[in-house]
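A.B. asks: Read off the chains here:
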Amino acid sequence: MGKANFGGIVKQVCLEYTPEVNAGDYVLVHVGFALAKVDEEEAARTYQLLEEMAQLAELETPDV
Amino acid sequence: MSKRESFFMKYIDEYRSEALAQKVIGELRRIVTRPWVLMEVCGGQTHTIVKYGIDHLLPNEVELVHGPGCPVCVTSLEMIDKAHAIARRPDVIFCSFGDMLRVPGSAVDLLVLKSRGADVRVVYSPIDSLKIARANPGKKIVFFAIGFETTAPGNAMAVWQARQQGIKNFSVLVSHVLVPPAIASILQSPLNRVQGFLGPGHVCTVMGYREYEPIAERFNVPIVITGFEPLDILEGVLMTVRQLEAGKAQVQNQYPRVVKREGNRVAQELVNKVFDVCDRKWRGVGSIPKSGYKLRYEFRDHDAERLFEVEEIDTQEPSICISGLVLKGVKKPHDCPAFGKECKPEHPLGATMVSAEGACAAYYAYGRHLDLENRLAARRGVSVTPNEQ
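Here the protein sequences come in this chain order: A and B. Counting in our numbering, the first sequence tops out at residue 64, every number present. Counting in our numbering, the second sequence tops out at residue 1389, every number present.
Bound-form chain B, shown alone (with noise of 0.2 Å):
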């Protein structure tokens, strides 16, 4: 790649264009004749919106509240413990995505117990972790899978793998979850406020979006699946409020760029092979039946819960902290009294505030802790097309 074509990405540059985003608020501004209430469901598009201030560039009728998807927030402090005391240890390797490092457990987080002497390793991929059993076959290896359908193909593959290839010293915590029964959930609930979704784009690249139109016929709502750029971000909202108004509730792609109805068949036919469908228990949101994966029997050679008896784990969660209702959409970062003050990155008192994807973190990194002067300040002085290349 030449050096003058890598500065523009292909696919992701041109879904950047100021003009154009100011051309699709401008339509929106059009067609909108009364408040509707949206939530992206997925936590790469929460840091998306906040980072060009989407949400601010909208008409007034139109709310984003942010949703549940962010893998490392929602993954239950029972499991983060459950991690901990594995990872203790001396006998075992411990592998996770970095951002579950700093996610804090009832008592510390990985990181301290890193500094602590556990061999704690940050992956990119599970299977670097099958490169980690392979070079090290007198350690257990263990790697963290936690994700939504998104990781699942990888997290599957190197189960799989290990299965394959005899790597007798690998294994996995399991803690994944699945988006429909989560949207199911918040509809469901006697808060709330969710009127049509911005469906998570990269999940449905796995899984499709079949399983949401029962979704959106049953509750009524519509469901836009959704990319990632501020113009596909702008996009699915425009979509999602073309339905409000002319009272539709269907599924439709604003991504078919890359998310096809049928999903990818090879990666879910290699999760359904690994994989079964469980109840999970989300951080902050409680038990949401079959709303997570757990590995099939023929794997339980590499079930980190089964391998590792961990006793009951008395979990506690700091009080002052609404990561819960942030993660439901019922509250905003801002309206927590910790948001800024006692809780920041460097100090999170909930999930929502370590990982990139977590609204609170999104929210702090972009300014949204200063007061509103500051931030109308910061606004006029921000375009929309982003100027760090």
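Looking at chain A on its own, in the form it has when it is part of the complex (with noise of 0.2 Å):
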């Protein structure tokens, strides 16, 4: 068990299913408990993909 900080409120969660969380990592969390470690590079990849469409969608579109 270990406690997940949601916001602002702080509960205890079972952490057997992610036994590759470290204290500070973000997890996703369901019933009480953590089904994944949120990958922080993937995270990162997606917005940065999402980021680069609008700069391009900004070139090709200007009317938008």
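Please keep in mind that the hints were generated in silico from the structure rather than gathered at the bench.
Only some residues are given here: those of chain A computed to face chain B with a beta carbon under 7 Å:
1) Gly7
2) Tyr17
3) Tyr26
4) Leu28
5) His30
6) Val31
7) Gly32
8) Phe33
9) Leu35
10) Ala36
11) Val38
12) Glu42
13) Ala43
14) Tyr47
15) Leu50
16) Met53
The beta-carbon is built from N, C-alpha and C at its ideal position, and this holds for glycine as well.
Hints given; two lone chains; assemble the complex.
C.D. replies: So, in structure tokens, the structure goes:
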């Protein structure tokens, strides 16, 4: 078990399914169980792709 | 966490950027050449779509229909009546997730039974019901183990721990459902209009998405595993439409910050130890082969269906309710004559009006029962970025 902070609310969550998790990591929690560690690199990559697409869209469709 | 930080949720707020959302929608407008019908499978996604009005922001060519992914909504009436029969017993403490309490059975709901003296308790986690079992050795504690694959690891752990720790007064009434057979069933229906899917991000967090690959291939539909924030949904729609426009039908992952192709193997292992695949009846949809989990024989001492002999129940659905067609994506909530009239969250006729994840409840909560002029006026004042924080 470990403590997870949900934007200010702290609850005990079961970490049995995420043995790789360390203190300070972000996790996805469902019914009291951490099911995945949020992958920081992938999160940054998804966001970067969206931003790049936004820049491209700006170049191609200036009137939108 | 400092006060300042608490206003910004990392990995959440950046996926609600209005400026980026507008760009994704612009890109969609640029690439779409003809009408496409997409289904979001998961009730959490339906909620995001209706809350942020994403369906109204998309180009007219792209239609979103809502899928069967609300676990409370698809739990069969027989199972709910069974739960009620067990909850009525004086020797039982009946534990359930909160959104199940208002779901109408043939006669009443769990909340009504509670008001009549039944010991019905809401738990946040199945583990909480184990604690109740330890604290009440003279009572029989029954947990209503419903849900999709996302909830299965939690429910499996409760049963596993009960056996390991010899908690004999704990049992579960299992009504688990599985997403891939439901998608296949929708695609085989003669009424089907769906051409591409936003796959369920949190189900795939547990199960991975390999099992979706044969479905995409067999039915020639793109399936994009998608997250739950507005930008996730929009990117999922964009990835699906890109595939459709290019004539592709692949499984793609929009949600890699959480979902891996293999899923969570540790969780899958325990789920497979505790549960076995079985045929399952879905409310409003009917029986779907190999679409559910039941307890394995080794755990029969914790199987509420076996422990509490429940007689055959004569179930009765209200005839006016079209929740079955809503769950299959054939109809939308406002197509129902009872929507927002006889059927409201306070007096739901069908389960889709009860759970926050149900399509009818989401439509009602965000004002879709109001007339069109009101809705258009509301839309003009609503932006993609929420301001409720």
